[in-house]
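Hey, can you work out the whole structure from these sequences and the hints?
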Amino acid sequence: MKVDGSCHCGTIRFEADIDPERVRICHCTDCQSLSRSAFRIVAPTSEANFSLLAGIPKQYIKRSAQSGTRRVQALFAVVALERTTLRL
98 MKVDGSCHCG TIRFEADIDP ERVRICHCTD CQSLSRSAFR IVAPTSEANF SLLAGIPKQY
158 IKRSAQSGTR RVQALFAVVA LERTTLRL
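Going by my numbering, the sequence shown opens with residue 98, and the numbers climb by one from there.
Hint data in this document are derived by calculation from the structure and do not stem from the laboratory.
Here a beta-carbon is modelled for each residue, glycine too, at the ideal position from N, C-alpha and C.
Each hint should be verified, as a subset may be incorrect.
Said to hold, decoys possible - Beta-carbon label-pair distances, calculated as ranges:
1) F136 - Y157: 10 to 20 Å
2) R160 - K99: 17 to 27 Å
3) I153 - E118: 13 to 23 Å
4) K99 - T126: 25 to 35 Å
In structure tokens:
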């Protein structure tokens, strides 16, 4: 299924091809912090199925303290500090 979106200010725009069966609601503390809410909706897709149409997002990566493995990755517009995508 084709989807498109943007940050709140419109600086970052993207489109992706997602599988609706893989859309999830996450309540982990990382997602709560990133969304400033009790949950975050996550629609995972591969990099090959994701296209950045406008803007250059700032990247945030949080790693596990024990192993250094990437736990969460968020992209957001620097101007608005609005997160647009999240990678687990």
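The hints, checked one at a time:
no. : hint                    : verdict
1   : F136 - Y157: 10 to 20 Å : 19 Å, holds
2   : R160 - K99: 17 to 27 Å  : 32 Å, violated
3   : I153 - E118: 13 to 23 Å : 31 Å, violated
4   : K99 - T126: 25 to 35 Å  : 31 Å, holds
In summary, the structure is inconsistent with hints 2 and 3 from the numbered list given earlier, while agreeing with the others.
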